[in-house]
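Just need the whole structure built from these sequences, with the hints factored in.
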Amino acid sequence: MAQPIARLEDVCVSFGERVVLQNCSLEVPEGSIICIIGLSGAGKSTILRLLDGLLLPNTGHVYLREHDICHMRESQLIEMRTKIGFAFQFAALFDSMTVGENVSLPLREHTTLSEKEIHEIAMHTLDSVGLAHTYHNMPSELSGGMLKRAGFARAVVTNPEMVLFDEPTTGVDPIVTHLLTDTIKRLRKQLNSTAVVISHDLQSIYMMADYVAMLFEGAIIAYGTVDEVRKSTNPIVQQFLQGSEVGPIPL
Amino acid sequence: MAQVLREVEESPAAQAVERVSVGVLASIGRRVSDSFEYMGGLTILTWETLKTIFRLRIRFAETLNQCYLLGYQSLIIVLLTSLFTGMVFSLESALTAVQYGFGSFVGGIVSYTVVRELGPMLSAVVVAGRCCAAIAAELGSMEVTEQIEALKSLGLAPVRFLVVPRLLALMIMLPLLTIFADVIGVKGGQWIAYVQAHIGTQDFMASARQTVGFEDVVKGLFKSLIFGIVIAMIGAYQGLTTTGGAAGVGKSATNAVVTCIIVIFILNFVMSYFLYAGA
Ligand SMILES: Nc1ncnc2c1ncn2[C@@H]1O[C@H](COP(=O)(O)OP(=O)(O)O)[C@@H](O)[C@H]1O
Ligand SMILES: [Mg+2]
Chain X
1 MAQPIARLED VCVSFGERVV LQNCSLEVPE GSIICIIGLS GAGKSTILRL LDGLLLPNTG
61 HVYLREHDIC HMRESQLIEM RTKIGFAFQF AALFDSMTVG ENVSLPLREH TTLSEKEIHE
121 IAMHTLDSVG LAHTYHNMPS ELSGGMLKRA GFARAVVTNP EMVLFDEPTT GVDPIVTHLL
181 TDTIKRLRKQ LNSTAVVISH DLQSIYMMAD YVAMLFEGAI IAYGTVDEVR KSTNPIVQQF
241 LQGSEVGPIP L
Chain S
1 MAQVLREVEE SPAAQAVERV SVGVLASIGR RVSDSFEYMG GLTILTWETL KTIFRLRIRF
61 AETLNQCYLL GYQSLIIVLL TSLFTGMVFS LESALTAVQY GFGSFVGGIV SYTVVRELGP
121 MLSAVVVAGR CCAAIAAELG SMEVTEQIEA LKSLGLAPVR FLVVPRLLAL MIMLPLLTIF
181 ADVIGVKGGQ WIAYVQAHIG TQDFMASARQ TVGFEDVVKG LFKSLIFGIV IAMIGAYQGL
241 TTTGGAAGVG KSATNAVVTC IIVIFILNFV MSYFLYAGA
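As you go down the protein sequences, you meet chains X and S in turn. For the first sequence, my numbering gives the first residue as 1, with consecutive numbering after it. For the second sequence, my numbering gives the first residue as 1, with consecutive numbering after it.
One should not assume that every hint holds.
Unchecked claim - With a Cα cut of at most 30 angstroms, we get these calculated DSS-like pairs of lysine-lysine:
| # | chain 1 | residue 1 | chain 2 | residue 2 |
| --- | --- | --- | --- | --- |
| 1 | X | 189 | S | 152 |
| 2 | S | 152 | S | 51 |
| 3 | S | 51 | X | 83 |
| 4 | S | 152 | X | 185 |
| 5 | X | 116 | S | 152 |
Stated by the list, open to error - Pair ranges (Cβ atoms, derived):
| # | chain 1 | residue 1 | chain 2 | residue 2 | range |
| --- | --- | --- | --- | --- | --- |
| 6 | X | 73 | S | 254 | 26 to 36 angstroms |
| 7 | S | 225 | X | 96 | 21 to 31 angstroms |
| 8 | S | 27 | X | 127 | 52 to 62 angstroms |
| 9 | S | 76 | X | 96 | 18 to 28 angstroms |
| 10 | X | 96 | S | 267 | 23 to 33 angstroms |
| 11 | S | 267 | X | 17 | 32 to 42 angstroms |
| 12 | X | 40 | S | 243 | 15 to 25 angstroms |
| 13 | S | 27 | X | 124 | 55 to 65 angstroms |
| 14 | S | 243 | X | 96 | 15 to 25 angstroms |
| 15 | S | 276 | X | 61 | 50 to 60 angstroms |
If you are wondering where the hints come from, they were derived from the structure by calculation, not from laboratory data. Glycine included, every Cβ here is placed at the ideal spot set by N, Cα and C.
Listed below in structure tokens is the structure:
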């Protein structure tokens, strides 16, 4: 396994009374695509927030390379985040800007490229998710699935070292799901970037994932390659993968 | 005796009283700790914002845009409130003053009050109603739709990106608005003094000039500057700490305006005390 680019170590997170993660540990090997699966509300998005330093754990550590983000100052966190892309579950596009401005924003703020180059790159990235024609639209004019793809484009436009995708394929049609899966794979191939993907779409997981981690009741209960996890003897994993109503997972 | 006491203590009524009083104490305690948290958070945010400004990490285009949205677009409403307040003030004072034979002081009285108190206060309250709510609602809806997190995830600090332009805009525009408010308030007063009490324009202005010094104008504008900071920071803080979806955004906007207006009234007294009376 490659060196981890990011690592959670015995992390606990709770919101008030509600314990979301409990002694959760996870390694993200550099240059791999790792998919996190788990029930809704299990804390998958919370893991991504931790990896981006948007949320600090109550106890435990979050390492990026060898730096513990719990000890970073806000200015260091901000600097660090320029190397990490985050595609949010509900897109979170800035609704006061056009789609094109949303996608060009990180380029405009963090690079010294000319306006023309920025426009070209943004257009190209939007095109790769099939949205070139929406460059001048406002986010409110797009459908949910389109917003998600625009958020996806904004997350990858700077070619970050690691990209965190929160349910990129939920609520998206099968053809676009395929397109997005391909884009994630291509990024890894061209730039050796790391991707952490939350997904419920088992087919696309099987297509792209190097590793699969299953989150259940606050901790990772299964972790391994796609085949390893599929062959897991853990009844919880099996029930989840088969989508069966009967089994140990309480409904 | 002890037996009786114990019975009293254990009676349902006593327990209810105890529950209520503990409840009241707990809720007072929570209020106090909440308001300390509020003040602490507000102070930290203000400090961060000022630091960013001093490092000249300013987005000029956005600041200009905010000057237009928060400042220029408040002009009409500031002018109207100030005009009518100056007029009504003059209406009340002019006739009485003439009756008692000191009509020549009306210009002084009106302009003195407008420049030192009414101009800065009225503009601040009007702009607070408009802009503090707008800032809280805009940042609040960005917070609940994860746009603030998205901003951070792109390596952009919300303070530099959102708060600094709004703060600068209000620090520049509120004093400017106050100048307009001062002028139109005095002019309105002068007009009514002429119409109602036949106090001549020249008399009115001569008295005004004699009473109001340049220093008074500057002190009034200084108050506006502080009010501008208060409006921007309370709006921004409320917005950035919004939780609870659309309902939360509404609550934030209301809280922002109420808090802001109360703070403006208190601060106005404190500043007047030190700027005028204390001196
Ligand atoms: N800011 C928050 N405040 C309170 N509870 C939260 C917050 N964020 C997440 N939670 C709770 O944490 C749990 C996990 O959330 P999340 O990580 O979004 O789940 P998911 O696995 O569906 O992405 C949920 O029960 C949610 O209610
Ligand atoms: Mg989620």
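#### Entry: Assessment of proposed distance window 23 to 33 angstroms (beta carbons of residue 96/X, residue 267/S)
Because 31 angstroms falls inside the window, the suggested range holds.
### Cβ separation of residue 40/X and residue 243/S, checked against the hinted range 15 to 25 angstroms
holds, 20 angstroms
### Query
Are residue 27/S and residue 127/X spaced within 52 to 62 angstroms by their CB atoms?
The hint (52 to 62 angstroms, Cβ to Cβ) holds, given that residue 27/S and residue 127/X are roughly 57 angstroms apart.
### Task
Given the hint that residue 116/X pairs with residue 152/S, test it: the Cα-Cα distance must not exceed 30 angstroms.
holds, 26 angstroms
### Task
Please test the hint of 50 to 60 angstroms on the beta carbon pair from residue 276/S and residue 61/X.
holds, 56 angstroms
### Query
Between residue 189/X and residue 152/S, does the CA-CA distance stay at or below 30 angstroms?
holds, 27 angstroms
### Query
Taking the beta carbons of residue 76/S and residue 96/X, is their distance inside 18 to 28 angstroms?
Between residue 76/S and residue 96/X, where Cβ atoms are some 24 angstroms apart, the hint holds.
### Message
Can you confirm whether the C-alpha distance between residue 152/S and residue 185/X stays at or below 30 angstroms?
### Response
holds, 26 angstroms
### Message
Just to be careful, I want the Cα atoms of residue 152/S and residue 51/S compared with a cutoff of 30 angstroms; is the pair within it?
### Response
Judged against 30 angstroms, a Cα distance of about 18 angstroms means the pair holds.
#### Entry: residue 124/X and residue 27/S - C-beta distance against the hinted 55 to 65 angstroms
holds, 58 angstroms
### Task
Would you mind confirming whether the straight-line C-alpha gap from residue 51/S to residue 83/X stays at or under 30 angstroms?
holds, 25 angstroms
#### Entry: Status of the given 26 to 36 angstroms range, CB of residue 254/S versus CB of residue 73/X
holds, 34 angstroms
In summary, the structure agrees with every hint in the numbered list given earlier.
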